[in-house]
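Number of protein chains: 2
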Amino acid sequence: MKLAISGKGGVGKTTIAAAITRIFAQTGGTVYAIDADPDACLAASIGIPEDEAAKLKPVVEMRDVIRERSGGGAFYVLNPKVDDFINDYSYKLGNIRFLRMGDPKKGGSECYCRENTFLNALVTSLLLDQNDTVIMDMGAGIEHLSRGTARGVDMMLVVVEPSRNSVNTAKHVERMARELGIPRIGIIANKIRSENEKQFIASSFPGNSILGYIKFSEAIWANAMEPSLAVEVDKEMLAEMKQVCLKISGEVGGKF
Amino acid sequence: MKLAISGKGGVGKTTIAAAITRIFAQTGGTVYAIDADPDACLAASIGIPEDEAAKLKPVVEMRDVIRERSGGGAFYVLNPKVDDFINDYSYKLGNIRFLRMGDPKKGGSECYCRENTFLNALVTSLLLDQNDTVIMDMGAGIEHLSRGTARGVDMMLVVVEPSRNSVNTAKHVERMARELGIPRIGIIANKIRSENEKQFIASSFPGNSILGYIKFSEAIWANAMEPSLAVEVDKEMLAEMKQVCLKISGEVGGKF
Chain P
4 MKLAISGKGG VGKTTIAAAI TRIFAQTGGT VYAIDADPDA CLAASIGIPE DEAAKLKPVV
64 EMRDVIRERS GGGAFYVLNP KVDDFINDYS YKLGNIRFLR MGDPKKGGSE CYCRENTFLN
124 ALVTSLLLDQ NDTVIMDMGA GIEHLSRGTA RGVDMMLVVV EPSRNSVNTA KHVERMAREL
184 GIPRIGIIAN KIRSENEKQF IASSFPGNSI LGYIKFSEAI WANAMEPSLA VEVDKEMLAE
244 MKQVCLKISG EVGGKF
Chain C
4 MKLAISGKGG VGKTTIAAAI TRIFAQTGGT VYAIDADPDA CLAASIGIPE DEAAKLKPVV
64 EMRDVIRERS GGGAFYVLNP KVDDFINDYS YKLGNIRFLR MGDPKKGGSE CYCRENTFLN
124 ALVTSLLLDQ NDTVIMDMGA GIEHLSRGTA RGVDMMLVVV EPSRNSVNTA KHVERMAREL
184 GIPRIGIIAN KIRSENEKQF IASSFPGNSI LGYIKFSEAI WANAMEPSLA VEVDKEMLAE
244 MKQVCLKISG EVGGKF
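Here the protein sequences line up with chains P and C, keeping their order. Plus 3 on top of the position in the first sequence (first one is 1) and you've got the working numbering. Plus 3 on top of the position in the second sequence (first one is 1) and you've got the working numbering.
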């Protein structure tokens, strides 16, 4: 099962991605958690120290090695069971394999087009066991969609909060994900504080596209200044996210 | 005075940009408010109807016209007093001229490199009167910095909220802005709810780099579901931002 998580900046993509990573990891399969945001913070959210994550080779550096092995051909099936690439470029935490797209760059040096293009090729070529999951935490906004970075995933998860701007972004994401040929799109409503806010989201999307409503968490907000794990500070949020993961699994046909 | 506003997704860049736009507009000069985020929402925040903003030609389309006029040369000084480009590509609201970088694209079509490159050339070539201001609301995160879109501004404003992730992003932004040669960098602390949160920001940056602490606004949060002007719902926030604008003006040497 290959998933991508997107949405407007600040809606809680990384917290949601971290929760999904940990929940699917508990089912026993390998979870490949990929930080696809140049402004990265997924590592810390799943419990990997920031300095360890910073030492990790970014996946874009895999490109030349893969080209050599495949004889320069465009087609390569990456099988983590027999190929050592994934081990070399990932940080292992239980059955989570954390990977990151690219390094911070120098101001004015270049864009992240190369990283995005390679990440798309990598995720597309990744051959998974039935019980394995890929979760890509995308950058804020819509450029990764105009680039097509997540083309090839089974489902695009769009996180929204009760704000008009985040709903507008989600509608752009939905349209562009459809244009990319992504077969399933699901909305996760986050930071819900009232029935009024829930109704706002409910009235903005067709009911069957909403995978769940996650309550606003004072604990996670208060914890944002600490380096610790956001998802560990709120068990209720994790329980709500388990229901969302069940639905995702049901839709995509994964094992849970 | 040319300013750019950046920071992690969700910290309140657009609300801050809208407040600065309205405050400088009151001083009498022309304010060029530029939405440099493909996932745009500055227009609505300064009071321009979303459908009007969507009809506006994006500045990237100016490129070929300017090339023709300048005979294909790289150097062109754009003087809004005598050139009609800015009128053709901007929405006028009092003495605010709103411009936007680019159009939404099709999923998987292309990146926004071309838009970013042209926007940099445009802002650099813009010849301002002493009383005029350019405010660019940048996309979330750091890619606009690795691209150098805002190279040439007088000051980079970095918005942070009391979270470790937004402070980490701000430190990347500071480093990259310095690498771009931007002469002044200022931090605006937003969404402050307690003395503890204020101290967290204060301890994260040198004191003289912090331009102000903006209190968390329940009114703005509650208003996020409405299409109305965020900055009009909270007069206290506007008053706090006036003090920030005074400091910006003092540092850059603009008129206020």
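Some hints could be false.
One copy or any two copies: either way a pair holds, since identical chains are not told apart in the list.
Only pairs whose alpha carbons sit at most 30 Å apart, straight line, appear in this in silico DSSO-like list of lysine-lysine [unchecked claim]:
1) 84 with 109
2) 109 with 95
3) 201 with 218
4) 250 with 109
Just so you know, these hints were derived from the structure itself, not from any lab.
How the hints compare with the structure:
no., hint, result
1, 84 with 109, "neither (36 Å within a copy, 36 Å between copies)"
2, 109 with 95, "within (28 Å within a copy, 36 Å between copies)"
3, 201 with 218, "both (9 Å within a copy, 26 Å between copies)"
4, 250 with 109, "between (41 Å within a copy, 28 Å between copies)"
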